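Novice: Make the full structure from the sequences, and use the hints.
Those protein sequences? They're chains A and B, same order as listed.
Read in order, the letters of the first sequence are residues 1 to 112 in the working numbering.
Read in order, the letters of the second sequence are residues 1001 to 1114 in the working numbering.
Bear in mind the hints are in silico, worked out from the structure with no lab data behind them.
All figures in this text were calculated on a predicted structure; none of them were measured in a lab.
Be aware that a few hints might be false.
[Claimed, not checked] To give a feel for the contact side, a few chain A residues facing chain B, derived at Cβ under 7 Å: (1) GLN41; (2) PRO43; (3) PHE45; (4) PRO105.
C-beta: ideal position from N, C-alpha, C; glycine also.
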Amino acid sequence: ETGVTQSPTHLIKTRGQQVTLRCSSQSGHNTVSWYQQALGQGPQFIFQYYREEENGRGNFPPRFSGLQFPNYSSELNVNALELDDSALYLCASSLESVGEQYFGPGTRLTVT
Amino acid sequence: SQELEQSPQSLIVQEGKNLTINCTSSKTLYGLYWYKQKYGEGLIFLMMLQKGGEEKSHEKITAKLDEKKQQSSLHITASQPSHAGIYLCGAGALDSGGYQKVTFGTGTKLQVIP
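Specialist: Take a look at the structure:
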């Protein structure tokens, strides 16, 4: 059984640029949730994708968008990067939209 | 929206000592998760509690959910350096659309001194 993987591990971008982060869900899981974790804080829910449809969204602006593919892997896109977007981005997969969430190792994004 | 408060924010204990971390919710908890995180890494699932009064144990870690389902505690017995990390409680809730959103507390940083 393959766990949740994320790429890249680390990323440095300049303010105003766009970034795409990737997540492969655990085998058999059809739901992916994305979280943003600022330094010293708990993860904040961005959105969830269930069977390729956005299935809920936290308090994040539209420049945060996502996709889920037929194999249930997912992308998080952030446009017009701001300094405050610097954080650890975590994805979690689960079996169905309700269930235990298994987290990937995260992508550390730094915006300069 | 659901707010989760964890206490203490940080904890330093000597190896072999017991410790307790608390998680208090502003609303009734319908699913309470405990995760452990090493600095800058992903979250490792520890336990999930759903029923009032429920208690689960895994190795030297025990988690409890109170009868009113607004408070949970995580107890570590005979702590070891491998227990060091950030412990996060998370509350699962279904919104009107039926999706699950997990709201996390700010975490408790645990250091275990050999």
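Novice: State for each hint whether it applies.
Specialist: Comparing the hints with the structure gives:
Hint status for GLN41 (chain A): holds, given a least beta-carbon distance of 6 Å to chain B, under 7 Å. Nearest Cβ of chain B to the Cβ of PRO43 (chain A): about 5 Å, under the 7 Å cut. The hint holds. Given the 7 Å rule on beta carbons, the hint for PHE45 (chain A) holds: about 5 Å separates it from the nearest Cβ of chain B. At its closest, the beta carbon of PRO105 (chain A) sits 4 Å from a beta carbon of chain B; the interface hint therefore holds under the 7 Å criterion.
This entry satisfies every hint, going by the numbered hints stated previously.
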